[in-house]
Structure formats: structure tokens, C-alpha cells
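Protein chains in written order, with my numbering: chain A, 1122 to 1281; chain B, -7 to 246.
Keep in mind the hints are simulated off the structure, nothing from the lab.
All figures in this text were calculated on a predicted structure; none of them were measured in a lab.
You can trust all of the hints, since none of them are fake.
Residues from chain A shown here face chain B by an in silico Cβ test under 10 Å; the list is partial:
{"no.": "1", "residue": "N1142"}
{"no.": "2", "residue": "G1166"}
{"no.": "3", "residue": "N1242"}
Here a beta-carbon is modelled for each residue, glycine too, at the ideal position from N, C-alpha and C.
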Amino acid sequence: MSTTETTASGVGPVEGAPLFNVDNPAPLIEAPRKRTTKTPRSTRGNFEMAAWLFMRLSGVVLVVLVLGHLLIQLVLDGGVSKIGFAFVAGRWASPFWQVWDLLMLWLAMLHGANGLRTIINDYAERANTRLWLKGLLYTATVFTILLGSLVIFTFDPNIR
Amino acid sequence: MATPVLDKVEAEAAASDHLITVTFRVRRFNPEVSADAVWEDFQLEIDPKERVLDGLHKIKWDVDGTLTFRRSCAHGICGSDAMRINGKNRLACKTLIKDINPEKPITVEPIKGLTVLKDLVVDMEPFFQAYRDVMPFLITKETNEPTRERLQSAEDRERFDDTTKCILCAACTSSCPVFWNDGQYFGPAAIVNAHRFIFDSRDEAAEQRLEILNDRDGVWRCRTTFNCTDACPRGIEVTKAIQEVKRALITRRF
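This is chain A alone, in the form it adopts within the complex:
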């Protein structure tokens, strides 16, 4: 009577040849929500709520800003053909359009960047992938916002 074979693993012959036994146990897959030393103690805070609210509020404002922008640029007064240096210089002479464009730049960039941030959070599975993608995203966002703001504030219509 060979008892050693059956006690090594509870798997009978009906399930096929066992690959693992007591000396060679099956690999354990770490449960996703398991508490490890790497798990941050607390990830609470109002940042995610603020981001969520910002998406809704900026979205509403952007509807007005972007549709107005498209209407002026593409539809009224002969459409795209009228756009040139003189047209932009003329609009930015008024502080109203400066504020409009600045607001649009900041809101659209932050809205889009936050949207991409949530997409990265949802789809990137490894911590390193997340880190790099977000680093790239934040760099591009900061660069575009700073460059755009610089142009709006330092725009010189008499540049030659």
C-alpha cells in the first residue's frame, strides 16, 4: 500500500498529473487589495473630490468658451480666411479677449490633463508605467500652459 503518493497532494488521478506538491507548492498570486508594506497608510484627502468637481464645473464653462471661440474663428465674418496676424492682434488689444483666451487655455489644459490622469489611473497596470506616463503628461501640460500664458501676456502687435 503506497500512502506517500496520495498524501503528497490531495489531487487524484482524475484531475491529471499534479505539477505541485508539498515540497514544490503552487505559486501564490498576491490578492489585489491585500495590505502590504508598500500599501500607503492613508490615501484619503479631498484631492479626488476637488478633481471630480473641477471636471464638472470647468466642463460647463468650457462649453461656452470653446463654442464661442469656434463661432468667432470659423463661422462669423468669412470664416477661417480672415484669420491672420492682424486679426489676432486686433482681438488681443482688448483685455476681454485676453481673459477669454487665457481662461480657455488654463481650463482646457487642466480639464484635459485631469481626464488623461484618470485614464492613466484606470488603464496603466504597473506602478512604473503610471509614473512615466503621468510624468510625461504633467511636463507637457505645464509647458503648454506656461508658453501659452507667456504669449498672451507678452504679445507685441508691433513685432516685426
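Guided by the hints, dock chain B onto chain A, whose structure is given.
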């Protein structure tokens, strides 16, 4: 006996002419034999008015005893047999074969987003960890043992009635694409069970629970895809409950 008896062959024919042939395509996985899961087909003669669980029983009892799945009460209350049937999360004990097109093979898979242990059995620990995290029990500030019943008006009871129906089957959480990614999101079921106490007039720890769900992986990761509402075998409006928790967080903060 003088009662007329049907011819034996005729009786057998009468007993089986309502049976149809159904193919069950089951996702099999045994980590001790292979690291990969495979599809296995089982042909069954079965009454279309029977449930998918009856089909699985037939396979386990008569065809292949190694098929592993969870079930306890088998009547849609215990919530152990949630599985992905024809690509949708359902309770095997509440799904009739005639309702899911038996002409084509019926696919049965374990629910997604949780580690598969064997065949249709998954590790539910992450799911229950999230459930425990929201403190799903009555909390009051008074320290003495109550001397009388905690009374509640019918309207107050109605406020959270929908979320009391949860049976913790994990059909909603394992249908959520955000939960599939890294499993850090609390998941719809935990939020539903927090909702059940947050909006209970007898409970006094709503603020604590809201603070827990204000986590980076709390309610704000919900993308309102409504997968959870579609999957719930109890018909709970899960997404609505999550939105109510979000609204409570915002209105109580500002």
C-alpha cells in the same frame, strides 16, 4: 392495480420529449495541472425551464466530478454562485436556460477581477476586505446598552431600502471595469453597503464612512458606466447609490 399504465417506451418518450440538447462551455482552471485556463464543452440533455445551476449540478454529479463551483442555498439568497454566464454576471441559480438562447453554447466563466482559485471559484478576500473597510454595522455614540428599541419612521426606513437588498454576491464589483484594473477601488458592493448605513437615521457614523469613501480609491473612481446596476441580480440601483454618496460628500463638505 387496475389503472391504465402507459407503454414503457411511450412513457420514456413522454418524459424526455421536453428535453433539449444544450452545450455548456465552461472555463476550466486547475493550478495544480496547468497554469492556463481552458474551455471545456459538455453536452447535456436538459429541460429548458431548468436553471444554469442545474446544468452545472448535472455535469458535476453525472459527468465530471472535478468541476468546482460555489453554491449554497441555490435560490438566489446566499449569493455564492455569481458567475459570468454568456459574458454577463449573473447568479447561476436565478438564470433559466430558456432565457439565454440554449441554441448556442452557454459559456460559464468565473467572475472577473478576482484571482481564480479553481474552475469557477475565485478568491473573494479582496472583495470582503473592501466590505469590512466601510464598517458595515450600526455605530452609535451612546456608550450604554440601549434599554429600548431604536425606532425609525417608515420614511426614514424607505431612504435606504434599496441598498438593504444586497446579498454580497460580487456580481457588481466584478463587472466594474475600474475594479478589473488593479482591484484597489472599493467597488460598488462596498459602497452600496456603506450607503445602507450612511442614510440610516439610527446610525451616527455617516461622517466616518464618508471619510473612508473619500479615499483616492473611493467613490471618485466611479465612472458611472452602469455595469453594476445591470449586473445586480437583486435589482439594486447601484450606480444611483454611488452617486448619492458622492452628492452627500459634496453637500456635507461645502
